[in-house]
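Assemble the whole structure, with the sequences as input and the hints as a guide.
Each residue of the sequence shown is one higher than the one before, starting from 0 at the first, in numbering that gives the first Met the number 0.
A hint or two may mislead.
Unchecked claim - Derived pair list, reagent style DSSO-like, types lysine-lysine, alpha-carbon separation capped at 27 Å:
{"#": "1", "residue 1": "280", "residue 2": "247"}
{"#": "2", "residue 1": "165", "residue 2": "87"}
{"#": "3", "residue 1": "94", "residue 2": "80"}
{"#": "4", "residue 1": "93", "residue 2": "70"}
{"#": "5", "residue 1": "137", "residue 2": "261"}
These aren't lab readings, by the way, just hints derived from the structure by calculation.
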Amino acid sequence: MKRFNKISLWVIFFVLMLLLASVFFFLNQSKEDRLANLGDHVVSNFRAGLTYEMADLLSFSMALSEDGELKNALIAEDESKGYGILSKITERFKKYTHLKSLRIQVLTPDFFIFARSWNEGFEGMPIWWFRDDLQKLKSRKQPKVGMEVGRLLTFKATIPIRSGGKLLGYLEVIKFVDEFASKLHKKGIELFALMDEQYLNKAVLMRDFPRLHDDVIVNRNFNHMLKPKIALLDWDVLESKSYLYQDKRLYLLEPMYNGEGKKIGSYLLTLSDEALHRYEKANQGVSFFTQFSDEDIEEVVASWEYPYGSFRSGYDKDLIALLPKLKKEDKRALESEAKEILKEYSKDELIDIILSNKHNEKKVGVIQ
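What follows is the structure, encoded as C-alpha coordinates:
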(Lines of atoms letter the chains of each structure in order from A and count residues from 1; the text may use other names and numbers.)
(Lines give C-alpha, C1' and ligand atoms only; values in the text may rest on other atoms or scores of the structure.)
Protein backbone atom coordinates (compact mmCIF):
# COMPACT_ATOMS: atom_id res chain seq x y z
CA MET A 1 0.00 0.00 0.00
CA LYS A 2 2.82 2.37 0.94
CA ARG A 3 4.58 1.49 -2.29
CA PHE A 4 1.39 2.24 -4.21
CA ASN A 5 1.11 5.65 -2.51
CA LYS A 6 4.70 6.48 -3.40
CA ILE A 7 4.09 5.55 -7.03
CA SER A 8 0.91 7.62 -7.04
CA LEU A 9 2.77 10.61 -5.61
CA TRP A 10 5.49 10.29 -8.23
CA VAL A 11 2.88 10.03 -11.01
CA ILE A 12 1.01 13.08 -9.69
CA PHE A 13 4.30 14.98 -9.35
CA PHE A 14 5.28 14.01 -12.90
CA VAL A 15 1.86 15.06 -14.29
CA LEU A 16 2.02 18.37 -12.43
CA MET A 17 5.52 19.06 -13.76
CA LEU A 18 4.34 18.18 -17.27
CA LEU A 19 1.38 20.55 -16.89
CA LEU A 20 3.62 23.34 -15.60
CA ALA A 21 6.05 22.80 -18.47
CA SER A 22 3.15 22.86 -20.96
CA VAL A 23 1.74 26.05 -19.44
CA PHE A 24 5.20 27.66 -19.52
CA PHE A 25 5.71 26.54 -23.12
CA PHE A 26 2.34 27.87 -24.30
CA LEU A 27 2.76 31.14 -22.40
CA ASN A 28 6.19 31.58 -23.91
CA GLN A 29 4.89 30.65 -27.36
CA SER A 30 2.00 33.08 -26.94
CA LYS A 31 4.47 35.83 -26.02
CA GLU A 32 6.64 34.97 -29.05
CA ASP A 33 3.59 35.09 -31.32
CA ARG A 34 2.49 38.40 -29.81
CA LEU A 35 5.95 39.93 -30.33
CA ALA A 36 6.18 38.58 -33.87
CA ASN A 37 2.73 39.99 -34.76
CA LEU A 38 3.52 43.33 -33.16
CA GLY A 39 6.85 43.43 -34.97
CA ASP A 40 5.18 42.69 -38.32
CA HIS A 41 2.68 45.49 -37.76
CA VAL A 42 5.35 48.01 -36.74
CA VAL A 43 7.48 47.11 -39.77
CA SER A 44 4.45 47.34 -42.08
CA ASN A 45 3.71 50.83 -40.74
CA PHE A 46 7.37 51.78 -40.98
CA ARG A 47 7.52 50.77 -44.65
CA ALA A 48 4.33 52.69 -45.39
CA GLY A 49 5.73 55.74 -43.59
CA LEU A 50 8.97 55.44 -45.58
CA THR A 51 7.01 55.26 -48.84
CA TYR A 52 5.03 58.31 -47.79
CA GLU A 53 8.29 60.22 -47.17
CA MET A 54 9.49 59.29 -50.66
CA ALA A 55 6.22 60.22 -52.35
CA ASP A 56 6.08 63.52 -50.45
CA LEU A 57 9.65 64.37 -51.49
CA LEU A 58 9.00 63.44 -55.11
CA SER A 59 5.83 65.57 -55.31
CA PHE A 60 7.65 68.56 -53.82
CA SER A 61 10.53 68.11 -56.27
CA MET A 62 8.26 67.92 -59.30
CA ALA A 63 6.56 71.16 -58.31
CA LEU A 64 9.91 72.95 -57.92
CA SER A 65 11.19 71.68 -61.27
CA GLU A 66 8.58 73.84 -63.04
CA ASP A 67 9.95 77.09 -61.56
CA GLY A 68 10.23 79.48 -64.52
CA GLU A 69 12.94 81.62 -62.92
CA LEU A 70 15.10 78.57 -62.36
CA LYS A 71 14.68 77.49 -65.98
CA ASN A 72 15.70 80.96 -67.16
CA ALA A 73 18.83 80.83 -65.01
CA LEU A 74 19.75 77.48 -66.55
CA ILE A 75 19.17 78.74 -70.09
CA ALA A 76 21.29 81.84 -69.37
CA GLU A 77 23.94 79.69 -67.61
CA ASP A 78 23.75 82.09 -64.66
CA GLU A 79 25.00 80.00 -61.72
CA SER A 80 24.88 82.94 -59.29
CA LYS A 81 21.22 83.54 -60.04
CA GLY A 82 20.56 79.81 -59.64
CA TYR A 83 22.14 79.82 -56.18
CA GLY A 84 20.04 82.83 -55.16
CA ILE A 85 16.80 81.13 -56.27
CA LEU A 86 17.58 77.83 -54.53
CA SER A 87 18.74 79.40 -51.25
CA LYS A 88 15.57 81.54 -51.04
CA ILE A 89 13.38 78.50 -51.66
CA THR A 90 15.05 76.47 -48.88
CA GLU A 91 14.96 79.39 -46.42
CA ARG A 92 11.25 79.84 -47.06
CA PHE A 93 10.43 76.15 -46.65
CA LYS A 94 12.60 75.72 -43.56
CA LYS A 95 10.79 78.63 -41.95
CA TYR A 96 7.21 77.71 -42.83
CA THR A 97 7.11 73.92 -43.29
CA HIS A 98 8.26 70.65 -41.73
CA LEU A 99 11.15 70.44 -44.23
CA LYS A 100 13.94 71.61 -41.90
CA SER A 101 16.87 69.71 -43.41
CA LEU A 102 15.97 70.53 -47.01
CA ARG A 103 18.74 70.92 -49.58
CA ILE A 104 18.32 71.57 -53.29
CA GLN A 105 20.81 71.36 -56.10
CA VAL A 106 20.60 71.70 -59.87
CA LEU A 107 22.76 69.61 -62.18
CA THR A 108 23.60 70.11 -65.84
CA PRO A 109 22.52 67.41 -68.34
CA ASP A 110 26.02 65.90 -68.00
CA PHE A 111 25.78 65.83 -64.18
CA PHE A 112 28.02 68.74 -63.28
CA ILE A 113 26.86 71.02 -60.45
CA PHE A 114 25.07 74.13 -61.71
CA ALA A 115 23.97 75.50 -58.33
CA ARG A 116 23.40 74.43 -54.73
CA SER A 117 21.15 75.94 -52.09
CA TRP A 118 23.56 75.44 -49.19
CA ASN A 119 26.81 76.87 -50.55
CA GLU A 120 28.48 78.50 -53.53
CA GLY A 121 31.81 77.65 -55.07
CA PHE A 122 31.06 74.14 -56.31
CA GLU A 123 29.73 75.19 -59.71
CA GLY A 124 31.17 73.05 -62.51
CA MET A 125 32.21 70.22 -60.18
CA PRO A 126 31.47 66.76 -61.63
CA ILE A 127 29.14 64.68 -59.49
CA TRP A 128 28.69 61.61 -61.72
CA TRP A 129 31.87 59.88 -60.52
CA PHE A 130 30.53 59.18 -57.02
CA ARG A 131 26.83 58.92 -57.89
CA ASP A 132 26.16 55.62 -59.70
CA ASP A 133 22.42 56.23 -59.42
CA LEU A 134 22.58 59.19 -61.83
CA GLN A 135 23.87 57.29 -64.85
CA LYS A 136 20.58 55.50 -65.58
CA LEU A 137 18.78 58.85 -65.77
CA LYS A 138 20.40 59.44 -69.16
CA SER A 139 18.62 56.47 -70.70
CA ARG A 140 15.42 56.46 -68.62
CA LYS A 141 14.93 60.23 -68.42
CA GLN A 142 12.31 59.73 -65.69
CA PRO A 143 12.04 61.15 -62.14
CA LYS A 144 13.48 58.93 -59.42
CA VAL A 145 13.53 58.90 -55.64
CA GLY A 146 15.26 56.77 -53.02
CA MET A 147 17.96 56.47 -50.39
CA GLU A 148 21.13 57.17 -52.37
CA VAL A 149 24.82 57.12 -51.51
CA GLY A 150 26.66 60.35 -52.31
CA ARG A 151 29.11 62.10 -50.02
CA LEU A 152 26.37 61.35 -47.47
CA LEU A 153 23.51 58.85 -47.45
CA THR A 154 20.25 60.78 -47.82
CA PHE A 155 16.77 60.70 -49.32
CA LYS A 156 17.12 62.11 -52.83
CA ALA A 157 14.49 62.92 -55.46
CA THR A 158 15.92 63.75 -58.89
CA ILE A 159 13.68 65.36 -61.54
CA PRO A 160 14.48 66.31 -65.16
CA ILE A 161 14.04 70.05 -65.86
CA ARG A 162 12.67 70.65 -69.35
CA SER A 163 11.78 73.56 -71.55
CA GLY A 164 9.50 72.19 -74.22
CA GLY A 165 11.22 69.04 -75.39
CA LYS A 166 14.72 70.20 -74.41
CA LEU A 167 16.44 68.85 -71.32
CA LEU A 168 17.97 71.75 -69.37
CA GLY A 169 19.29 69.75 -66.44
CA TYR A 170 18.13 68.01 -63.27
CA LEU A 171 16.71 69.31 -60.02
CA GLU A 172 17.55 67.30 -56.92
CA VAL A 173 15.88 67.70 -53.54
CA ILE A 174 17.71 66.16 -50.59
CA LYS A 175 16.55 65.31 -47.05
CA PHE A 176 18.50 63.83 -44.17
CA VAL A 177 17.30 60.67 -42.43
CA ASP A 178 17.37 62.54 -39.10
CA GLU A 179 13.98 64.16 -39.75
CA PHE A 180 12.32 60.78 -40.23
CA ALA A 181 14.13 59.47 -37.12
CA SER A 182 12.73 62.39 -35.11
CA LYS A 183 9.17 61.50 -36.16
CA LEU A 184 9.69 57.95 -34.95
CA HIS A 185 11.26 59.10 -31.68
CA LYS A 186 8.09 61.04 -30.84
CA LYS A 187 6.21 57.73 -31.10
CA GLY A 188 8.62 55.94 -28.78
CA ILE A 189 10.62 54.28 -31.55
CA GLU A 190 14.38 54.67 -31.82
CA LEU A 191 15.88 54.41 -35.30
CA PHE A 192 19.40 53.42 -36.27
CA ALA A 193 19.86 53.87 -40.04
CA LEU A 194 22.82 51.62 -40.89
CA MET A 195 24.79 51.86 -44.14
CA ASP A 196 27.15 49.06 -45.18
CA GLU A 197 30.70 50.35 -44.66
CA GLN A 198 31.72 49.25 -48.17
CA TYR A 199 30.17 52.50 -49.45
CA LEU A 200 32.57 54.68 -47.46
CA ASN A 201 34.88 54.88 -50.49
CA LYS A 202 32.25 57.25 -51.96
CA ALA A 203 30.51 58.53 -48.83
CA VAL A 204 33.67 60.33 -47.71
CA LEU A 205 31.84 62.74 -45.39
CA MET A 206 30.71 59.76 -43.29
CA ARG A 207 34.12 58.24 -42.58
CA ASP A 208 34.13 59.63 -39.03
CA PHE A 209 30.54 58.59 -38.31
CA PRO A 210 30.10 56.03 -35.48
CA ARG A 211 29.97 52.33 -36.39
CA LEU A 212 27.80 49.43 -35.33
CA HIS A 213 29.22 46.04 -36.30
CA ASP A 214 30.13 46.38 -40.01
CA ASP A 215 27.79 49.31 -40.62
CA VAL A 216 27.92 53.10 -40.35
CA ILE A 217 25.19 54.86 -38.32
CA VAL A 218 23.78 57.39 -40.78
CA ASN A 219 21.45 59.45 -38.59
CA ARG A 220 23.28 61.69 -36.12
CA ASN A 221 20.33 61.87 -33.71
CA PHE A 222 20.36 58.17 -32.71
CA ASN A 223 19.96 57.24 -29.04
CA HIS A 224 23.56 57.07 -27.77
CA MET A 225 22.54 55.29 -24.54
CA LEU A 226 21.16 52.33 -26.52
CA LYS A 227 24.23 51.83 -28.70
CA PRO A 228 26.23 49.76 -26.09
CA LYS A 229 23.18 47.50 -25.51
CA ILE A 230 22.72 46.95 -29.25
CA ALA A 231 26.41 46.11 -29.64
CA LEU A 232 25.88 43.17 -27.22
CA LEU A 233 22.92 41.69 -29.13
CA ASP A 234 23.29 38.37 -30.92
CA TRP A 235 23.42 39.93 -34.38
CA ASP A 236 23.25 36.58 -36.20
CA VAL A 237 19.96 35.72 -34.47
CA LEU A 238 18.59 39.21 -35.17
CA GLU A 239 19.50 38.94 -38.85
CA SER A 240 17.97 35.47 -39.22
CA LYS A 241 14.72 36.21 -37.32
CA SER A 242 14.47 39.96 -38.17
CA TYR A 243 13.38 40.57 -34.57
CA LEU A 244 14.76 40.03 -31.07
CA TYR A 245 13.35 40.70 -27.60
CA GLN A 246 15.91 41.36 -24.88
CA ASP A 247 15.99 43.36 -21.63
CA LYS A 248 12.39 44.51 -22.10
CA ARG A 249 13.04 45.95 -25.56
CA LEU A 250 11.95 44.74 -29.01
CA TYR A 251 14.52 45.07 -31.80
CA LEU A 252 13.45 44.93 -35.45
CA LEU A 253 15.81 44.74 -38.41
CA GLU A 254 14.69 45.72 -41.91
CA PRO A 255 16.76 45.89 -45.10
CA MET A 256 17.58 49.31 -46.57
CA TYR A 257 17.36 49.57 -50.36
CA ASN A 258 18.41 52.34 -52.73
CA GLY A 259 16.28 53.63 -55.62
CA GLU A 260 17.36 50.70 -57.80
CA GLY A 261 16.28 48.10 -55.23
CA LYS A 262 19.84 47.22 -54.19
CA LYS A 263 20.43 46.48 -50.50
CA ILE A 264 22.82 49.10 -49.09
CA GLY A 265 22.27 48.64 -45.36
CA SER A 266 19.58 48.13 -42.73
CA TYR A 267 17.09 49.99 -40.56
CA LEU A 268 17.20 48.95 -36.91
CA LEU A 269 14.04 49.89 -34.97
CA THR A 270 13.77 49.40 -31.24
CA LEU A 271 10.81 49.88 -28.88
CA SER A 272 10.61 49.69 -25.11
CA ASP A 273 7.92 47.62 -23.36
CA GLU A 274 6.06 50.84 -22.59
CA ALA A 275 6.04 51.90 -26.25
CA LEU A 276 4.86 48.40 -27.25
CA HIS A 277 1.94 48.56 -24.80
CA ARG A 278 0.97 52.02 -26.12
CA TYR A 279 1.16 50.72 -29.66
CA GLU A 280 -1.04 47.71 -28.82
CA LYS A 281 -3.70 49.93 -27.25
CA ALA A 282 -3.62 52.48 -30.06
CA ASN A 283 -5.96 52.30 -33.03
CA GLN A 284 -4.05 50.00 -35.36
CA GLY A 285 -6.12 51.26 -38.31
CA VAL A 286 -4.07 54.42 -38.04
CA SER A 287 -0.48 54.63 -39.21
CA PHE A 288 1.87 54.77 -36.24
CA PHE A 289 4.18 57.15 -38.06
CA THR A 290 2.10 59.50 -40.20
CA GLN A 291 -1.24 59.70 -38.36
CA PHE A 292 -3.03 58.84 -41.60
CA SER A 293 -5.44 55.92 -41.74
CA ASP A 294 -4.38 52.66 -43.34
CA GLU A 295 -6.68 53.50 -46.27
CA ASP A 296 -4.89 56.84 -46.77
CA ILE A 297 -1.52 55.15 -46.67
CA GLU A 298 -2.68 52.46 -49.12
CA GLU A 299 -3.70 55.19 -51.56
CA VAL A 300 -0.28 56.84 -51.29
CA VAL A 301 1.49 53.51 -51.74
CA ALA A 302 -0.75 52.61 -54.69
CA SER A 303 -0.07 55.96 -56.35
CA TRP A 304 3.64 55.34 -55.81
CA GLU A 305 3.50 51.82 -57.26
CA TYR A 306 1.33 52.95 -60.19
CA PRO A 307 2.26 56.63 -60.42
CA TYR A 308 1.31 57.29 -64.04
CA GLY A 309 -2.26 55.97 -64.11
CA SER A 310 -3.22 55.56 -67.77
CA PHE A 311 -0.22 57.57 -68.97
CA ARG A 312 2.91 55.86 -70.22
CA SER A 313 5.22 57.96 -68.08
CA GLY A 314 5.26 60.49 -65.25
CA TYR A 315 6.52 63.15 -67.62
CA ASP A 316 3.53 62.70 -69.95
CA LYS A 317 1.11 62.83 -67.01
CA ASP A 318 2.64 65.95 -65.44
CA LEU A 319 2.89 67.78 -68.77
CA ILE A 320 -0.82 67.28 -69.56
CA ALA A 321 -1.81 68.20 -65.98
CA LEU A 322 0.30 71.36 -66.12
CA LEU A 323 -1.24 72.85 -69.29
CA PRO A 324 -4.53 74.16 -67.76
CA LYS A 325 -2.52 75.98 -65.06
CA LEU A 326 -0.36 78.00 -67.46
CA LYS A 327 -0.95 81.42 -68.95
CA LYS A 328 -1.86 81.49 -72.64
CA GLU A 329 1.55 82.75 -73.78
CA ASP A 330 3.32 80.01 -71.81
CA LYS A 331 1.20 77.21 -73.24
CA ARG A 332 2.23 77.31 -76.89
CA ALA A 333 5.51 75.38 -76.73
CA LEU A 334 4.15 72.82 -74.31
CA GLU A 335 0.89 72.35 -76.24
CA SER A 336 2.77 71.37 -79.39
CA GLU A 337 4.87 68.89 -77.39
CA ALA A 338 1.74 67.49 -75.70
CA LYS A 339 0.10 66.93 -79.10
CA GLU A 340 3.17 65.08 -80.36
CA ILE A 341 3.17 62.89 -77.24
CA LEU A 342 -0.54 62.05 -77.42
CA LYS A 343 -0.28 61.14 -81.12
CA GLU A 344 1.72 58.10 -80.00
CA TYR A 345 -1.12 56.89 -77.75
CA SER A 346 -3.71 54.39 -78.93
CA LYS A 347 -7.44 55.20 -78.97
CA ASP A 348 -8.02 52.91 -75.95
CA GLU A 349 -5.26 54.61 -73.99
CA LEU A 350 -6.77 58.04 -74.70
CA ILE A 351 -10.21 56.82 -73.59
CA ASP A 352 -8.67 55.47 -70.35
CA ILE A 353 -7.05 58.86 -69.69
CA ILE A 354 -10.37 60.67 -70.12
CA LEU A 355 -12.31 58.17 -67.99
CA SER A 356 -9.75 58.23 -65.18
CA ASN A 357 -10.03 62.03 -64.90
CA LYS A 358 -12.00 62.67 -61.73
CA HIS A 359 -13.10 66.22 -62.58
CA ASN A 360 -16.89 66.61 -62.66
CA GLU A 361 -16.99 68.51 -65.91
CA LYS A 362 -19.05 67.09 -68.75
CA LYS A 363 -16.98 65.98 -71.73
CA VAL A 364 -18.49 65.91 -75.21
CA GLY A 365 -16.68 64.93 -78.37
CA VAL A 366 -15.37 62.21 -80.58
CA ILE A 367 -11.89 60.71 -80.43
CA GLN A 368 -10.59 60.47 -84.00
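Need the list of violated hint numbers for this structure, in ascending order. The structure conflicts with no hint, since it agrees with every one listed earlier.
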